[in-house]
Amino acid sequence: NAGVTQTPKFRVLKTGQSMTLLCAQDMNHEYMYWYRQDPGMGLRLIHYSVGEGTTAKGEVPDGYNVSRLKKQNFLLGLESAAPSQTSVYFCASSYSKRTSGVETQYFGPGTRLLVL
Amino acid sequence: GESVGLHLPTLSVQEGDNSIINCAYSNSASDYFIWYKQESGKGPQFIIDIRSNMDKRQGQRVTVLLNKTVKHLSLQIAATQPGDSAVYFCAENNWGGSEKLVFGKGTKLTVNP
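Protein chains in written order, with our numbering: chain A, 1 to 116; chain B, 117 to 229.
In isolation and in its complexed conformation, chain B is listed as follows (with noise of 0.2 Å):
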């Protein structure tokens, strides 16, 4: 069946310090992959999403990376700040499918002044 999960529970960086956060899926149908962020007390916030005819994207200050052939998937953080503490979800979807996402349990990422 589908699952997502990460490899880490958490991690802790320097300030400044770049951060990569993993995540393995199951589901070889899956084609769109989010990367949320949930900071203490809120909800889960878009980051950035890739498409599986894509192995990377950029954002600002972030990239994920797509390796189909082992099913994982990469959030990088550039230059990690304080305010980039949180829990990092990253969820998968079948476009052709199902309306649903599946998340995965979340990395709490410690950014130390």
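Next comes chain A alone, as it looks inside the complex (with noise of 0.2 Å):
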């Protein structure tokens, strides 16, 4: 049982160039979300998706774009990154409430991104 997994672990991206953040899970959670962390700045929801084939925005959106085509998986994407999208982005997944009555979510190591 590996958790929550985060690929790739650090990239470099010129600005303009687009990339995709795969997150994985083998929990079997119904709720997947993607949080970007800077400096003083905490934990930020930029998506989520509380279930396969749905999404929602959550805090930061602008500039990103998420699929949830299977339940396991959740990508972010990036069309045309810009230096203030660096950052450390972290995916996270967790029950739904009608399952287990918790809100408990548990988090990948981290994709460190940093846009030039």
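None of these hints come from the bench; they were simulated from the model.
Yeah, the Cβ is synthetic: ideal placement off N, Cα and C, and Gly gets one too.
Just so you know, not all the hints are guaranteed correct.
Listed next, the stretches of chain B that the computed footprint assigns to chain A, with coverage defined by at least 3 CB atoms under 8 Å from CB atoms of chain A [what the hints assert, rightly or not]: (1) 149–163; (2) 217–223.
List of simulated lysine-lysine pairs, BS3-like, C-alpha gap at most 30 Å [to be verified]: (3) B:K224 - B:K184; (4) B:K221 - A:K57; (5) B:K184 - B:K172; (6) B:K224 - B:K172; (7) B:K158 - B:K172; (8) B:K187 - B:K172; (9) B:K184 - A:K9; (10) B:K158 - B:K216; (11) A:K71 - B:K216; (12) B:K187 - B:K221; (13) A:K70 - A:K9; (14) A:K71 - B:K158; (15) B:K172 - B:K221; (16) A:K14 - A:K57; (17) B:K224 - B:K187; (18) B:K216 - A:K70; (19) A:K9 - A:K57; (20) B:K216 - A:K9; (21) B:K158 - A:K14; (22) B:K187 - A:K70; (23) B:K184 - B:K216; (24) A:K57 - B:K187; (25) B:K158 - B:K224; (26) B:K184 - B:K221; (27) B:K221 - B:K158; (28) B:K158 - A:K9; (29) B:K216 - B:K187; (30) A:K70 - A:K57; (31) B:K187 - A:K9; (32) A:K57 - A:K71; (33) B:K216 - B:K172; (34) A:K57 - B:K172; (35) A:K9 - A:K71; (36) B:K224 - A:K9.
If the Cβ cut is set under 7 Å, some of the chain A residues that face chain B in the computed set are [as the list claims (entries may be wrong)]: (37) S18; (38) G42; (39) L43; (40) L45.
Put the two chains together into one complex, using the hints given.
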């Protein structure tokens, strides 16, 4: 049981380039989340999904897109990277409230992205 | 609106002492709270949670206290060890409403040998 995994671990992009971050979980969780973490800002929610085929905007969605084609995967895309998107990105997953009545989120190890 | 904050951004303690990390929340509708530990270069790790129908919950060397009257949450770590050095986040959720957690900015705990 690997939990939540993220690829890649580290990436350097030039302004304007695109990339996709992959999150995978093997816990059969319904909910998945993408956060960014910046110094002094804490964790900020970018997008989330409450089930396969569904996505919703979080606190800071601009410049990002997501897809949840399979229950175990949640992809975060940057169509045209900007230096302001330099950050550490974390994926998380959880059971739905209907299933377990809890909202504990389990996090991946993070992806460090540098946009030059 | 919802907000979660911490009173102290840094905390330094001696090995073996008890640590107390505090968190204030503003959403009176929040009914589920979690403490996470984040070590350098790693993702946040679940420590302990508590529902609003409880005032106290204990785990292994950790205790979470919830004071709904003043909307305050604390994490107590007994006999703090060097391995406890990390950033600690509190998070809140309105179980009956949003699927989202609201995170505080974190407190950095440093344990001195």
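Evaluated hints:
1. Coverage of the segment 149–163 of chain B by chain A holds. Counting CB-CB distances below 8 Å, 8 residues qualify, and the rule asks for three or more.
2. Only when three residues or more bring their CB closer than 8 Å to a CB of chain A does the claim for the segment 217–223 of chain B stand; here the count is 5, and the claim holds.
3. Restraint check: the Cα-Cα separation between B:K224 and B:K184 comes to about 24 Å, which is no more than 30 Å; the hinted pair holds.
4. For the hint linking B:K221 to A:K57, the alpha-carbon distance of about 21 Å falls within 30 Å, and the restraint holds.
5. About 11 Å separates the Cα atoms of B:K184 and B:K172, which keeps this hinted pair within 30 Å; it holds.
6. A hinted pair counts as satisfied when its Cα atoms are at most 30 Å apart, and B:K224 with B:K172 qualifies at roughly 23 Å.
7. For the hint linking B:K158 to B:K172, the alpha-carbon distance of about 28 Å falls within 30 Å, and the restraint holds.
8. The suggested pairing of B:K187 with B:K172 holds, with an alpha-carbon distance near 14 Å, which does not exceed 30 Å.
9. Taking the CA atoms of B:K184 and A:K9, the gap is near 40 Å; set against the 30 Å cutoff, the hint is violated.
10. Of the pairs offered as hints, the one joining B:K158 and B:K216 holds, with about 21 Å between alpha carbons and a cut-off of 30 Å not exceeded.
11. Proposed proximity of A:K71 and B:K216 is supported: the alpha carbons are some 18 Å apart, at most 30 Å.
12. The suggested pairing of B:K187 with B:K221 holds, with an alpha-carbon distance near 17 Å, which does not exceed 30 Å.
13. Distance check on the hinted pair: A:K70 and A:K9 sit about 21 Å apart at the alpha-carbon level, within 30 Å; holds.
14. The straight-line distance between the Cα atoms of A:K71 and B:K158 is roughly 24 Å, inside the 30 Å bound, and the hint therefore holds.
15. At roughly 23 Å between alpha-carbon atoms, B:K172 and B:K221 fall within 30 Å of each other, so this suggested pair holds.
16. Straight-line distance between C-alpha atoms of A:K14 and A:K57 comes to about 25 Å, which keeps the hinted pair within the 30 Å bound.
17. Taken as a hint, the B:K224 and B:K187 pair is honoured in the structure, with Cα atoms around 21 Å apart against an allowance of 30 Å.
18. Our distance criterion of 30 Å between C-alpha atoms is met by B:K216 and A:K70, whose separation comes to about 21 Å.
19. With a C-alpha separation of about 24 Å, the suggested pair A:K9 and A:K57 falls inside the 30 Å cut-off, and the hint holds.
20. For the hint linking B:K216 to A:K9, the alpha-carbon distance of about 25 Å falls within 30 Å, and the restraint holds.
21. A hinted pair counts as satisfied when its Cα atoms are at most 30 Å apart, and B:K158 with A:K14 qualifies at roughly 25 Å.
22. Between the alpha carbons of B:K187 and A:K70 the distance comes to roughly 39 Å, so the proposed pair goes past 30 Å and is violated.
23. The suggested pairing of B:K184 with B:K216 holds, with an alpha-carbon distance near 20 Å, which does not exceed 30 Å.
24. Proposed proximity of A:K57 and B:K187 is supported: the alpha carbons are some 28 Å apart, at most 30 Å.
25. Distance restraint check for B:K158 and B:K224: the Cα-Cα separation of roughly 14 Å lies within the 30 Å cut-off, and the hinted pair is therefore satisfied.
26. Distance check on the hinted pair: B:K184 and B:K221 sit about 20 Å apart at the alpha-carbon level, within 30 Å; holds.
27. The hinted pair formed by B:K221 and B:K158 meets the criterion: a straight-line CA distance of about 16 Å does not exceed 30 Å.
28. With a C-alpha separation of about 11 Å, the suggested pair B:K158 and A:K9 falls inside the 30 Å cut-off, and the hint holds.
29. Between B:K216 and B:K187, the direct Cα distance comes to roughly 19 Å. Compliance with the 30 Å bound is thereby established for this hinted pair.
30. With a C-alpha separation of about 18 Å, the suggested pair A:K70 and A:K57 falls inside the 30 Å cut-off, and the hint holds.
31. Taken as a hint, the B:K187 and A:K9 pair is broken in the structure, with Cα atoms around 37 Å apart against an allowance of 30 Å.
32. As the CA atoms of A:K57 and A:K71 are separated by approximately 18 Å, the hinted pair is consistent with the 30 Å bound.
33. Proximity of B:K216 to B:K172 is assessed by CA-CA distance (about 23 Å); at most 30 Å being required, the pair is judged to hold.
34. Distance hint between A:K57 and B:K172 is unfulfilled; the C-alpha atoms sit about 34 Å from each other, more than 30 Å.
35. Between A:K9 and A:K71 the CA atoms are separated by roughly 22 Å; this keeps the pair inside 30 Å, and the hint holds.
36. Simply put, B:K224 and A:K9 have alpha-carbon atoms about 24 Å apart, close enough for the 30 Å limit, and the pair holds.
37. For A:S18, the interface hint is violated, since its Cβ never comes within 7 Å of a Cβ in chain B; the closest pair sits about 24 Å apart.
38. Residue-level restraint check for A:G42 holds (minimum Cβ-Cβ distance to chain B is 4 Å; threshold 7 Å).
39. The restraint placing A:L43 at the interface with chain B holds, with a minimum CB-CB distance near 4 Å, inside the 7 Å limit.
40. Hint status for A:L45: holds, given a least beta-carbon distance of 6 Å to chain B, under 7 Å.
When the structure is compared with the earlier hints, violations turn up for hints 9, 22, 31, 34, 37 and for no others.
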